[in-house]
Each structure stands twice: as structure tokens, then as C-alpha cells.
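Q: As a plain string of letters, each chain reads:
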Amino acid sequence: MSEWTECLNFGVSLCKQTGDVILSAFQQQKEVTLKSSPADLVTETDQRVEKLLISAISSRFPQHRFIGEESVAAGERLQLTDSPTWIIDPIDGTVNFVHRFPFVAISIAFTVNKQLEFGIVYSCVDDKLFTAQRGRGAFLNGAPLHASGQEDVSRCVVVTEIGAERDDLALSTLTSNICRLLQLPVHGVRALGTAAVDMVQVAVGGADVYYHVGMHCWDIAAATIIVQEAGGVVMDTDGSVFDMMSRRVLAASSAIVARRIAEVIRAFPCRRDDEETAGSGV
Amino acid sequence: MADDWQNAMDHAVALARRAGEVVREALQHDRKVMTKSCSVDLVTQTDQKVETLIIQSVKEKFPTHRFIGEESVAAGEACVLTDSPTWIIDPIDGTTNFVHAFPFVAVSIGFSVNKQMQFGVVYSCLEDKMYTARRGNGAFCNGEPLQVSQQQDVKQSMIATEFGSSRDPEVVEKIFSSLKNILCIPVHGVRGAGTAAVNMCLVASGCVEAYYEMGIHVWDVAAGSLIVSEAGGVLMDVDGGELDLMSRRIVAANSRAVAERLVAEIDAFSPPRDDAPPLKP
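Residue numbers (our numbering), protein chains in the order written: chain A, 190 to 471; chain B, 695 to 975.
Some hints could be false.
Computed spacing ranges between beta-carbons, pair by pair [as the list claims (entries may be wrong)]:
id, chain 1, residue 1, chain 2, residue 2, range
1, A, L358, B, N808, 49 to 55 Å
2, B, R718, A, G324, 30 to 36 Å
3, B, Q810, A, P374, 51 to 57 Å
Some, not all, of what chain A presents toward chain B, calculated at C-beta under 7 Å [as the list claims (entries may be wrong)]:
id, residue
4, H288
5, F290
6, T364
7, G395
8, A396
Here are the computed lysine-lysine pairs in the BS3-like style, where the Cα-Cα straight-line distance is at most 27 Å [as the list claims (entries may be wrong)]:
id, chain 1, residue 1, chain 2, residue 2
9, A, K224, B, K755
10, A, K219, B, K755
11, B, K823, B, K755
12, B, K874, A, K205
I should point out that these hints are in silico values taken from the structure, not numbers from a laboratory. Quick reminder that beta carbons are idealized off the backbone N, C-alpha and C, glycines included.
Can you build the whole structure from these sequences, using the hints too?
A: See below:
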């Protein structure tokens, strides 16, 4: 639908502008606040960028709705409806941003009738713009992307994250997952520190698997459609159908590899993103 | 004498850049993969081609110099560090990344005299980042000076490490218990780009506070070790003792405080040394 292309193009130009805001803050000292754990960080730049994006989009598309990481953290209700909805992570990789580790991305996904119509992941430090629109393929800086198609799990590179949880159950589950994967064996395990940039490596073909337990919908919504449009598959970590609000994702070069990985990895319980909470919460 | 090493260093930088071109070009074509010590320890013709290119060129210019090269050692050459001027070469650090076109692949060239590193060059060729250090003259990336992070609080630190290519269950167990201990300090996060040389340059750049690994080889870390120390960082063994480049263990950090805190959490093991006599076939 041409009207969604207009939204996509608007989203892309916003990403480029706000990318500049992020880059100029990148080299500075940052004031850091903790959210759910000592490793779950937020800065004033996260909040500022999200406000910039939402205000620009609402001016242009006043009927559209939003799910934004920092808005939700501030108490906004998180609910995906049939309305055209922008799902925004203003800085994916905030810990990286604080440390100047050079992987920091703006992630913007757009749904209508709860279906992903397009996704944008802009990796600002290396100026890489990943985009996909439903039915129209996936692109990196305009060049088409194709997942690797790898069907042999023993030749796979897996990207994943430990994330911000520091409790025993989460850490044991996450580390034992990696341990079991290494023993399959797989070629290797990588972690760049941002779910969005990690996951688009599957679309690029440089990695064959990305999985994550504990991230949020805004981290992976855009990358989901980018991987799918590049020919990859996206599902739940247990092999069932992908549920954007479940806080679990498994993306892979092929269904065969995805299912093999799903046999090995376990999840720990996470409160769903769309679960009602008493008072404001994460 | 000092001039000789500067000439050697300039030559190393030029060679690293040329090798980087060979790597980038090879990435466009099919990357035929072989295995070494196990099914996940990969090598390609490009690794071998790049190492030969570097060694031949150095031999022409510096005929008395010696070499420790990853692929030469794999082919049976001795891995012994003497007092002689010695080039320590990893033609492609991050071969698994190279095979997959995962974007971190580095050429690593270190140079030692009297067993002391005189210069180090790490060229991260897909990012076009040339990291260099000359003993006593600082560390640089594409000409910009490097300095380690000033963060001394390990609870605000980010750590780089890798899982390595060993699949021996006892080794894997220690790698994971070390990782969990460190996560529980807690630290801000753990990262892994897939190449030891690049991880060390990230310490020198201030992007991570420390890198540690058990199971690397001398050629993975020789160049990076000087880049870290010239950027103001510290080096030690995973047991807190002095770094031994042949021990296959390393901690590189922005400060003694962070390094020692990590050492306290690492569940160390001792891989067979790089300078151990080869096992009889």
C-alpha cells in the first residue's frame, strides 16, 4: 500500500536526523539511570530521541499510535491494537552507547491490524540503514539482503545476548543455552550488544541464528520483518509461532536450523510486554 | 637500532593494508573452509596465502628476522620466541567470522626483540581501522591517539571475551563458570566480536574496560598486547601473575583494579602452551 511506503520513507528520514543527535551525544559523558537491574541503563538521550521521534510522527500522522520503550517505562500502557502503530526503540544498545562501544541503533517498526508492515534499523555509528517492507524484500543501504540459507546447524554462527538480567535463574538459563549450542557444535557465538543489530546479521547472512529471551517487542519488531523479507524465518524459542509480546525470539537462516536450535535452548519466565501491571512497571 | 624498528613497523603497516585488500577481495568469492584441531577450528586458503605473502615480503627486506606465524606453526614449524627480532603473525584473526562474512576480521602483526614487543599492528580490514603501537610512542587508530577507559569501577564495566574453539567439556565448564562469576559481579555487559585482536583494540580504544580469554594463541594477542599497554592499559595472566605470551591466557584491562577483580572471578585452566614441544603424531 503506497501510504505505508510514505510512512516508511518518513521513518527513514527521521532515523537519519536522530542518528545525528545520537552520534553527537555518543562521545560525551553520559548521565545514567538504572531501570530494572544494575545492567539495565537509560540516559537522557534515549528519552529525548524517543520524544523527538514521537512528536515528529504524530505531527505528520495524528491518528497513529505508539509503543515506545521510554514511554512505557514512564507508565504508558503497552497494548498493540489494529490501529497503525509505531513500535520504537530510540537507542537499542544503551549500555554500548554509555561505553562508546560502536553498536547503537534506532529501531522503528510499523504495524497495521497487528501485522508488521515495515521495519527500520539504523545502526548509527557505522551508518548502516536496514529496511524492509512487507512483500518487497530487505535492504542494507539500498542493496538487497539475503539470509544465508544455511541448513547445517554445525556450520552456523549464532548471535545472542546475555541481556540485563542478573538473577540466578536467568543467568543459569542463558549461559547453559550457549554452552549446549557450543557443544552441538556450532561454529561460534557472537554478541554485539544490541538485539536489533544482532538480529539483522541473520538478514545480512553474516550470522545464521539469532535468539534472545528477555528482550522487549521494541528491540526486535523491526528486525523481525527485515529477517523475514531477507528469506529467514522467525519463531518462538520453543519452535512455536512468533509472538511479538512474549519476550522470546528465534531467527534463523532456515526452518531446519531454527527447529534444531529450538530443541536445545530453554527460556525462563518473563512477564509479557502486553501484560497489565499494577502501577508503572517495566 | 631504533630506526630499523621504525622501518620494520612501516613495512608491517603497508603489509597489513595489502593483506586486508586480499581478505576483502576473497570475501567476494567462495571461501573454501578446512578444519584444524577440531570441527570448529577453521582455516582457509586465504589465511595461508596472506601469511605466505607477509613472510616472503619480510624475508626479502629483513633476511635475518625470524617468524612465528599461525599457519606455519600449523604446518609444523616450531613456535619458540627467542631474542632475535621476530615477527608474530596472525594472517586472519577471526577466521570463523571471515568464513561467515561476520564483520570483524583482522590481520595481526607483532614484532618482538629480546622477547619484548617493539611494535604491534592490527588491521581490522572490514572496518578499515588500522591500529598501531610503537613501544614508548603511544597507540593509535587511523592516526588518532588511543586511550583506555577511565572507568575503574568494575560494576560499571563492559567486558569482552570469547568462547573459543575448544569443545572439551571440562574446558567449556570453566569458561562458563568464569563468565557467570563475572556477570554476577555484576558488570554492565559482556561482548564478543569474534577476534581476540579486535577485542584487545576495543580495550585500547576505551570501548570496553577489559578483555580476557583462555585458549588464545601468541599470534592472536602479541600485537594487541602492545597496543593496550601503549594506550595506558595493563596486561596480566588470568591468575594475576605477569602476562606470558606463550601461556595461551590473557587479561587486558584499563586498570589494575578492574583486571584484578576479574582475575578473582576467573576459573582458570591451563591449555597446552604454544611453546610446548609438539606431540608426536
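Q: Give a verdict on every hint.
A: Results of checking the hints against the structure:
no.: 1; hint: A:L358 - B:N808: 49 to 55 Å; verdict: holds, 52 Å
no.: 2; hint: B:R718 - A:G324: 30 to 36 Å; verdict: holds, 33 Å
no.: 3; hint: B:Q810 - A:P374: 51 to 57 Å; verdict: violated, 38 Å
no.: 4; hint: H288; verdict: holds, 5 Å
no.: 5; hint: F290; verdict: holds, 4 Å
no.: 6; hint: T364; verdict: holds, 5 Å
no.: 7; hint: G395; verdict: holds, 4 Å
no.: 8; hint: A396; verdict: holds, 6 Å
no.: 9; hint: A:K224 - B:K755; verdict: violated, 58 Å
no.: 10; hint: A:K219 - B:K755; verdict: violated, 49 Å
no.: 11; hint: B:K823 - B:K755; verdict: holds, 25 Å
no.: 12; hint: B:K874 - A:K205; verdict: violated, 38 Å
In summary, the numbered hints that this structure violates are 3, 9, 10, 12.
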